Amino acid sequence: MTVARSTLTVALAGNPNSGKTTIFNALTGLRQKVANYPGVTVEKKSGRCKLDTGEWADVIDLPGAYSLISRSPDELVAMEVLRGLRADTPPPDVIVCVLDASNLQRNLYFLSQLIELGRPMVVALNMIDIAERRGIFSDPAALSERLGLPVVPVVGTDRKGINELKAALRRARVPPMPDWPLPEPMHEELLTVAGGLAILDDDALPGLARYTSIAERLLIGDRADDIAALAEREPVKSLLSHATQRLAQNGIDPMHADIEAHYKWIDGVEKASRGSTGFQPVLRHFERNNEEKRNGERENGGKENALETHATLLDYEPRLTFTDKLDRVLLHKVLGLTIFTLVMASIFVSVFWIADPMMGAVEEGIGQAGRFIAGFFPEGPLGDLWADGIVAGVGGVLVFVPQIALLFLFLAILEDSGYLARAAFLMDRVLSKVGLNGKSFIPLLSSFACAIPGIMAARTIECQRDRLATIFVAPFMSCSARLPVYALLIGAFFATFSAAARGGILLGLYALGIIAAVGTAMLFKLGAKRTEPSSFILELPSYKRPKLSQIARVVWTNTWAFISKAGTIIFCLSVILWAMMYYPRLPRESGVALEQQLRAEIAKTQKTYRRPWHVAGSDRPQLDYQPATVVGDGERYPFPPHLRPLFTYNYQPFLDGMSGTEWWRFDSGISPATAISDEQFLDRSVASAQLCHSYAGRLGHLIEPAIKPLGYDWKMGIGLISAFAAREVFVSTMGIVYSVGGDDEDTTPLAQAMLADRYPDGSRVWTPLVATSLLVWFVLAMQCMSTVAIVKRETGGWKWPILQLLYMTGLAYVVSLVVYQVGRACFT
Amino acid sequence: MEKHACENPHCPAQGDHNHCSLNRLGIGCRGTVVSVAGDSELRRRLLEMGFCNGADVEVVRRAPLGDPIECRLRGYSLSLRGEQAQFVTIATAR
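Here the protein sequences line up with chains B and V, keeping their order.
According to this note's numbering, the first sequence holds residues 1 to 828 in order.
According to this note's numbering, the second sequence holds residues 1001 to 1094 in order.
Rather than coming from a laboratory, the hints here were simulated on the basis of the structure.
Remember, predicted model here, so these are calculated numbers, not experimental data.
A few of these clues could be false.
What the simulated footprint calls covered on chain B by chain V, stretch by stretch (three residues with Cβ under 8 Å from a Cβ of chain V suffice, anywhere in the stretch; the number is not a length) [what the hints assert, rightly or not]:
(1) 49–62
(2) 258–266
(3) 329–338
Pulled from the structure, derived: some chain B residues nowhere near chain V, Cβ distances all over 10 Å [unchecked claim]:
(4) 8
(5) 428
(6) 438
(7) 464
(8) 496
(9) 539
(10) 549
(11) 551
(12) 571
(13) 682
(14) 796
(15) 815
Yeah, the Cβ is synthetic: ideal placement off N, Cα and C, and Gly gets one too.
Chain V with its partners taken away, still in its complex shape:
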């Protein structure tokens, strides 16, 4: 996998593998899905859209006004709000 440094200066995690919620992942950062939290309805939706089994996720961009993010997983592009993305934990390779 390509190595991208997490561009988020507020990212608290350190070490080889950073665990970072998807909404805080920097643009261009990629990693694998670790876990999905949230209420069961949202969790189901996120899992069904493919955030499971350690899928590769890359944050492609943020919307110009800052909120929904676009990420790429399983070969397609999905946009979701920060308030939903925060429930997805990603392990990034540094």
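Same shape as in the complex, but just chain B:
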């Protein structure tokens, strides 16, 4: 692609749901990029568009806004870009104001504010197809004459009128300032304040003609950055307060009067837009254009538009629109809630069903590729970094991509169709009680699969306070990465419970997460009460058929944002975690010595009880379990005591002197087939000793005093540290620690090894109480670096993710502590 310089910066501005984004997509095609406005949560969409003249234009798709005076971050960004107040975005040369022709009045209000900016503008009259089918006809020519601006009729979804819009960019004009029908006293006060501004005689002030419009903004309470300082300077400050007082005496509220004046003007504009008699509906116009084009192309042998659909004026809907009819069902007291539940349940179930095989495939693919590339690495740290650090770490996160993409897909369909607003409408009552918002429902539901799409979906919440609260509590929802941990611990320690009881425990864990979320949201509500009130003023847009290309684009952008933004952080953390678990290396001699010692133990055991299956267990041999030490090249290395359980596990029949069959029957969860060969045992033991020797192992020891009150030992400490990569990594790490291998498919050997683990005093390391405490920890703690990365991205800084990390970890610590200590007091 040529890297031609753009000669024009175009900003698309308009109400939410006015179809700005479809026009943006039609203008820029694939030449677009999505970033964040620095310091805020708002997405910055920009792209390039080639004009007929061969010039390039930079196009910015501003966030949807109802007003230029607002506190919502979306509207604030739109205002700042339009007024040229953002250092990161150049002020637009041309503003394209997108109007929804089927909802003209309120859309014109935003236009009336844009007019006051005094910048060149073009109006795109969008969705005329919907409007005309509803019997709402607007005459672009009449509207154009009235506004003094080029007005281009557009159907963004069908790319109709896009070329005309491009051509119109060059005809953009500064609109004439309308004479707002303000009450007379307010006119006078405006002039007084404008006089005060003139006295300031500030170089920074624009020309004289703009004084009244600045005065108007000051009087109605607009304190945007460009004029806020003016309001504090004399004589403007005292003039303003006097003006406000005098108006109040006359019973006039400037802000109220101003908005009413704008809407009065809008009434006139709307009437004018109805057009003169004989005006031809715009769709007809498009049809004619198409025919002409087709004729032209036929001559040229073109066939591009052969499939273009005919929009006809014949199928007018009656006054009760399709949306009205659908809402009667979808928002019905009984039916509405039933359908809502069904829709949500089926989305949820299908995310798991469809994603499951895909996740398996991704895992398999990454494993294959990893092993293939690993073949090119020499043995040593580099190969290990690749296999255990990068492939395992990044792979462990990429596994969730199918699930995340699917959730984004469903979210995009819900949003594009218009059902998302309905879902919020249905659920607001429940969620507002706990300090959230109807729009929090979908993000929270997604978080049961994965908190990442949930947190990204919270973007649709306009109210900043509710958005933050939703992001903050979303990770409390038990995501699918917690399931392997739940399954391991419940399976191992509550195996004697009935299936129903075990299901009950699982349900309880989910409930605990929800309770924590509700409690936290309520705390949030208390904390934020004074600063920003929660509000829910939500437009219910018309239903639309979702457009495949648009949805594909959204899914791709969001998924890619996860992979790239979270991926970078995850990559770095994976390498750090790997290094922590890899270094320092076990001295070679120690490894050799350990192996020799283990071999000796195995030989001794097997020698004494060569044919274990036939030995009756009358005189049980006792192995000396005191940590033995060996001397290897001047260094003393202890026989790692935690290897004992595994040793015991693997050679239990020999040790107990039981008949093999007896023993296997006694411990029914295991079959002789799961016993591993001596070589495997040695390999895994060395791997385990290495992990315990590493920084992570030492860190596990280091934090043991802190986690001891929760019932955890240093091995679980290592597990918790590694689980920060992703929760399910806990399972494979424990597998390595207990040297049963990092296989998370069949966790029976791991469960057995955990059950067999004892403290030096002979008491069990793992009891059901410890398992419960650990389960509680996993429900509540923020054990996921991807989530931290995404929260950082979505909140535009490190403040919230760090606060969230500290809060969740603190809460997990306290609750696990209470569970363990109370449990111990009760049961012993």
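Assemble the complex: chain B is given as a structure, and chain V must be docked to it using the hints.
Relative to chain B, chain V alone:
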């Protein structure tokens, strides 16, 4: 304008024109905006969304759980909570 009786049995107003806050307006009731109260931020938002100049407002439905209401004004549908709707006073035609 179509005449709808206010369905709210607790509606205190009487006479030809009932002044009733939007959150107490019955479903299917319509009327015109009389005034908008509330703190300035909320008032601005409501006015900007079109609750001004005596605009026609119709209450379309309540959410199944009772709270946000859906109303139609200036040709579009807006939902808002009762706690916000109470600040909009509507004159209903009986």
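For this structure, which hints from the list above don't hold up?
1, 5, 6, 9
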